[in-house]
Structures are given as structure tokens and as C-alpha cells.
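Peer 1: Counting in UniProt numbering, the sequence shown runs from 1 upward without gaps.
For the record, the hints were derived by calculation from the structure and aren't laboratory data.
Among the hints, erroneous ones may be present.
Stated by the list, open to error - No farther apart than 20 Å at their CA atoms in a straight line, the calculated lysine to aspartate or glutamate pairs in the DMTMM-like style are these: (1) Lys197 x Asp49; (2) Lys86 x Glu173; (3) Lys154 x Glu173; (4) Lys86 x Asp114; (5) Lys154 x Asp183; (6) Lys86 x Asp49; (7) Lys86 x Asp113; (8) Lys86 x Asp63; (9) Lys154 x Glu206; (10) Lys165 x Asp210; (11) Lys197 x Asp157; (12) Lys197 x Asp71; (13) Lys197 x Glu248.
As the list claims (entries may be wrong) - FRET-style restraints, in silico, Cβ to Cβ: (14) Val161 x Asp210: 18 to 26 Å; (15) Arg61 x Ala194: 20 to 28 Å; (16) Thr214 x Asn137: 20 to 28 Å; (17) Val161 x Gly64: 39 to 47 Å; (18) Thr140 x Pro94: 32 to 40 Å; (19) Thr215 x Ala78: 26 to 34 Å; (20) Gln269 x Ala58: 14 to 22 Å.
On a predicted model such as this, the values are computed, not experimentally measured, just so you know.
Yeah, the Cβ is synthetic: ideal placement off N, Cα and C, and Gly gets one too.
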Amino acid sequence: MSDTALIRAVRMLGVILLAVLGAIGLSTPAGAVTGPTPTVVLVHGAFADSSGWRDVAATLREDGFGVQTFDNPLRGPAYDSGLLRKQLASISGPIVLVGHSYGGMVITNTHDDDVVANVYIAAFAPERGEFVQGLLNPITYPGSRLLPPALQLKVVDDPTVPGGKNLDGYIAEPYFRDIFAQDVSAATAADMFAHQKSAALVANLEPSGDASWTTVPSWYLVSRQDRVIPPALQRFMASRAAPGHTSEIDASHASLVSQPDAVSAIIRQAATA
Numbered sequence: 001m002s003d004t005a006l007i008r009a010v011r012m013l014g015v016i017l018l019a020v021l022g023a024i025g026l027s028t029p030a031g032a033v034t035g036p037t038p039t040v041v042l043v044h045g046a047f048a049d050s051s052g053w054r055d056v057a058a059t060l061r062e063d064g065f066g067v068q069t070f071d072n073p074l075r076g077p078a079y080d081s082g083l084l085r086k087q088l089a090s091i092s093g094p095i096v097l098v099g100h101s102y103g104g105m106v107i108t109n110t111h112d113d114d115v116v117a118n119v120y121i122a123a124f125a126p127e128r129g130e131f132v133q134g135l136l137n138p139i140t141y142p143g144s145r146l147l148p149p150a151l152q153l154k155v156v157d158d159p160t161v162p163g164g165k166n167l168d169g170y171i172a173e174p175y176f177r178d179i180f181a182q183d184v185s186a187a188t189a190a191d192m193f194a195h196q197k198s199a200a201l202v203a204n205l206e207p208s209g210d211a212s213w214t215t216v217p218s219w220y221l222v223s224r225q226d227r228v229i230p231p232a233l234q235r236f237m238a239s240r241a242a243p244g245h246t247s248e249i250d251a252s253h254a255s256l257v258s259q260p261d262a263v264s265a266i267i268r269q270a271a272t273a
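Take these sequences, add in the hints, and give me the full structure.
Peer 2: Here it is, written out as C-alpha cells:
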């Protein structure tokens, strides 16, 4: 049998199977994907690691999606997006990129023909030339509490830079829950703090390259109670990157942990659009 004939036969078997399932009263589970199933790649931001996606990833897998997380180095948009592109190259089929917080900088700078949607979760969605610290301008968009003494600096080993040392920022423990995740339990916040990854200071100052959202359909979920990225700034970025695809929830910056169902829902929306 030729390849073309084999493909036609498989497609016909699929049609027959669906007809049989319909005839006996069975249907596809709610939220499941019936077309080519995208792989969802979850990109964490600063002051976190991939463990924050745990509940979101579990829900999406139950819905039939392949899910991967990206261990974001938090070194800068160009370096981090370069590593992400290498991971995407190993994935077959359509991809949905999801970025939280600084993870939005990374997915914005990631260009891959297989990416069919971007999803921003309380994330930076810059235009070319914009950078994190510039977007967090307290005069234009006041409200961020990501300031000293809550935000502290330390010297870290970093083989990606000359000299092997870098200056990283992190949120000090007494302030972590109140700033980053005020709507989760104390125990959950303590676990998140234990998984915190520091971010290179220069990552906040490195300008974005061309924005992927100019060519890739994008969705945005605003956190109305965010104390890291002011909600007004989120709405501004969403108005450019995700017009018509913006939702809001009453959540902290860590909505992926405090409201995983709402976060999963908007990812599902993007993946099935």
C-alpha cells in the first residue's frame, strides 16, 4: 500500500470510529483536543522555577495536551530565548508558548514556525527595544512593590558571562509572600520561596528584539491584584499583543499557583482557537 493510500485508510478508520462512538452515546471528554494536538511549553519567570506550573501542567495533560516546561536560566531575553528555541526544535507539530512574568520576555523573543499561539500570564509583552526596567516605570505605571529592601542582590557563579560571575536579584524571604503571592497559603508561599531562582540584573536592562506577537496570535491573562507588574501596565501590553484575547482575574502575580484552573482555561482557549 502506498503512503497516500495508507493515510487515507487511517483517516477513514478515524471517521468510522467517531461515528461508532456517537452511535453508542460516547463523546469526546470536555476540553479534549480533537485536531492536531499542540504541545504546550510553559516558561517560568524570575523568582520562580518550573515547579510553579505543577497544577496547570497536570490539568492540561488531563485535557490531552503534551506539556513541557522550560528551565529558564533568567540570564537575559536573547540568551534565554536561544535555549528555548533549541528545546522547541525537538518538538514535532504545533506549539503553544506560555510565559509568566519575565517568561513573557522570553517567548516574545522566541521565533519558531511551529508556534501557533503565545499566552501571557501576568507577563511582560514588550515591543522591540523595550526592556523590563523601562516598562516598570513607576511614574507611568505606579504600584510595583518589587523594590529594595524586598528586592536584594547577590553575586552568583555564571558561566554564561566573561569572568564567570554575575549580579543577580531575588526577593528576600520576609517579603516574598506579600509581594509575589499574597493569595496563596503560607505553606505554599514557603515552598515557592524554596524554589526561587534569582535573575541576572542585566536581564532587566536588555532590550527586546522583534516581538513574536506581531505575527503569532496571542492571549493575555491580567492579574488584577498584582504587586510585581502593575495591572495597568499589563492591560497596556495586552492591548498591543493580545487585542480581543485578554481576560482578567482577581489574583496575585502568581496566578498560575493560586488560580491554576483559570490559567489552564486561557491556555486551552489559545490551543484550540
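Peer 1: Could you tell me which of the hints above the structure violates, numbers in ascending order?
Peer 2: 2, 5, 8, 10, 13, 19
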